[in-house]
Amino acid sequence: MGAWIMAGVTFREAARKKILWTAFLAGSAFLALFGTGMHFQINEFTRHSVPPFIRYQLEAAMLQVGFYAVDLLAVTMTILTSVDALSGEIASGTIQAIATKPISRWQVLTGKWMGFAGMVAAYVAAMVGGVTAVGYFIGGVLPHHSLRGTFLVFLECLLVLTVTFACGTRFSTLTNGVIVLGLHGLAFMGGWIEQIGAMTDTPRLVTVGIVSSLIMPSESVWRRASFEMQSSFTRSLQFSPFSNASAPSALMVVYAVVYLFVALTVAIYHFHQRDL
Amino acid sequence: MFGTKVAVSNLSLTVRRGEVFGFLGPNGAGKSTSVKMLLGLVKPSSGQAFVLGAPSDDVDVRRKIGFLPEDFRFYTWLTASELLKLHGRLCGMAAARLRERVPALIDQVGLTPHREKRLRDFSKGMLQRIGLAQALIHEPELIFLDEPTSGLDPMGRRLVRDMIHSQRDRGATVFLNSHILSEIEITCDRVVFIKEGEVVASRDLRAFPDDEVCLVVRARNLSAETVAGLSHWSTSARLDGERLTLATHSTSVLPDILRYLVASGSDVFEFTPERLSLEDLFLKIMGEDRGL
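In order, the protein sequence lines correspond to chains A and B. For the first sequence, the working numbering begins at 1 and goes up steadily by one. For the second sequence, the working numbering begins at 277 and goes up steadily by one.
Rather than coming from a laboratory, the hints here were simulated on the basis of the structure. Keep in mind that the hints are not guaranteed to be accurate.
[Said to hold, decoys possible] Simulated pairs of lysine-lysine, DSS-like, Cα-Cα distance not exceeding 27 Å: (1) B/K340 to B/K319; (2) A/K17 to B/K393; (3) B/K471 to B/K560; (4) B/K400 to A/K18; (5) B/K319 to B/K471; (6) A/K17 to B/K400; (7) B/K361 to B/K393; (8) A/K18 to B/K361; (9) B/K393 to A/K18; (10) B/K400 to B/K361; (11) B/K361 to A/K17; (12) B/K361 to B/K340.
Computed from a prediction, not measured in an experiment: that's the story for all the values here.
Take these sequences, add in the hints, and give me the full structure.
Structure follows, in structure tokens:
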């Protein structure tokens with residue numbers, strides 16, 4: 001019960017402090033821009049009488065670019081909104097009035113986590129849904145396995161959120177932000193290295209990429225999401241941020257889920273042990 | 277322990293049910309750390325703390341505990357009513373009970389005109405009042421108040437004092453941590469003094485003290501011989517016209533002094549024992565300030 005109260009208050013905080021609405025507003029601006037770009041591109045295709053098959057594949061590739069941008073926005077929003085969720089309240093002493101109520105510390109933490117997870121879920125659903133709608137109504141294309149892809153983008157954000165919470169129980173807001181962004185940057189670079197390794201057939205580079213994905217699997221979850229959503233033509237492009245020369249296996253997704261639960265357990269443990 | 281620094285050591289405290297208990301000590305004595313340990317916010321590196329018969333980190337016992345942190349802060353986007361409802365819900369109170377309790381409590385702390393105002397628009401004193409209300413929302417048996425009157429004007433201080441007394445009257449125990457000794461003196465039934473993490477003295481403020489007192493006597497016909505004869509009971513005596521000021525080690529000698537003065541032929545108009553103020557006692561126990 002206590003966890004649900006905390007989840008509710010966290011979600012309300014996001015709405016009341018206009019975090020959620022600002023994120024949606026920025027997201028709407030992005031969708032408007034994306035739709036306008038796609039509209040003009042399709043006009044060009046029509047003017048130059050691009051063959052339907054090629055046209056469809058190019059539009060599907062554009063859709064993938066939209067999902068890539070949504071993924072970046074969602075991960076950035078997740079980190080920025082949750083980075084001081086715990087460390088900020090611990091530093092200001094706000095947490096003391098809550099932690100002395102008849103509610104366990106794990107309920108405080110998981111409640112806040114659920115509140116942010118709900119907010120991120122709404123954002124990812126709205127943004128992926130928005131890009132899909134733009135693709136369908138303007139270009140007439142739909143992503144392959146859109147639900148699977150949406151779930152994986154959400155999983156990636158949830159992973160980043162949980163790592164932010166785990167670091168927030170131990171470090172100050174600023175340090176927490178640096179660590180989480182650093183980890184995601186490491187995963188991002190690792191992903192690129194792995195792609196280059198796969199394209200140039202250099203096993204050592206692939207190994208470096210896999211190791212970085214094991215350290216922080218967020219980027220590999222995105223690459224799996226991208227793999228699920230992209231068309232066969234986009235896949236054939238191989239080397240781009242929006243397609244995969246080396247798609248992470250389903251096992252990597254399982255690893256990401258396990259990683260998430262371990263990070264949540266670490267967060268609960270540290271929060272339970274620390275002085276407030 | 278905080279790193280290599282010992283914050284609290286060998287602290288043993290017993291607080292009686294239904295009393296207003298003052299917890300005194302200089303800066304850095306370990307008062308706030310002790311309170312946090314009792315509330316389960318800080319874990320002792322060794323030893324145990326029991327509150328209302330249960331370990332201090334027991335979640336269920338917190339249903340019976342209220343806490344006002346020093347310099348109360350909370351989500352500034354909440355209104356005063358929402359804040360109390362949230363804390364009431366966290367304490368497991370039913371919605372129907374909260375509908376009655378929240379406006380009544382807001383009225384008690386004098387914030388009725390501001391109940392739908394967001395906390396971001398509250399002054400420090402108003403935050404302190406609403407903080408006190410959240411500590412009392414579930415009518416706890418034991419209330420920890422850490423510097424409850426800091427930031428309050430005289431009316432606010434009076435209000436807090438009255439609320440503390442009303443809590444005691446309904447049978448609650450109040451654990452008060454404050455630097456304002458004059459407030460403690462008026463509000464508390466008993467105080468303990470803590471220094472370097474250990475209890476060094478205690479005093480029952482409601483009982484007549486059997487310790488050092490300053491005695492003020494106004495009398496006529498006080499001869500120098502009579503004053504000299506008082507050295508049997510007093511450590512010092514100073515005569516200024518009809519006013520005689522004495523210091524004694526114990527209140528038990530007061531009847532003997534009065535009998536002696538009357539027997540010596542003095543006409544006694546006033547005989548007033550004045551106990552040491554809490555501030556004097558504090559300074560006497562803690563010693564001089566050697567700097568932080």
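Cross-check of the supplied hints:
With a C-alpha separation of about 20 Å, the suggested pair B/K340 and B/K319 falls inside the 27 Å cut-off, and the hint holds. For the proposed pair A/K17 and B/K393, the alpha carbon gap of about 15 Å is at most 27 Å, so the pair holds. Among the hinted pairs, B/K471 with B/K560 is consistent with the structure: their alpha-carbon atoms are about 12 Å apart, no more than 27 Å. A threshold of 27 Å between alpha carbons decides the hint, and for B/K400 with A/K18 the separation of about 25 Å falls inside it, so the pair holds.
Taking the CA atoms of B/K319 and B/K471, the gap is about 20 Å. The hint holds against a cut of 27 Å. For the hint linking A/K17 to B/K400, the alpha-carbon distance of about 21 Å falls within 27 Å, and the restraint holds. Taken as a hint, the B/K361 and B/K393 pair is honoured in the structure, with Cα atoms around 14 Å apart against an allowance of 27 Å. The suggested pairing of A/K18 with B/K361 holds, with an alpha-carbon distance near 22 Å, which does not exceed 27 Å.
Restraint check for B/K393 and A/K18: the C-alpha separation of about 18 Å stays at or below 27 Å, so the hint holds. A C-alpha spacing of about 21 Å is found between B/K400 and B/K361, which places the hinted pair at or below 27 Å, so the restraint holds. Taking the CA atoms of B/K361 and A/K17, the gap is about 19 Å. The hint holds against a cut of 27 Å. Between B/K361 and B/K340, the direct Cα distance comes to roughly 17 Å. Compliance with the 27 Å bound is thereby established for this hinted pair.
The structure meets every hint from the earlier list without exception.
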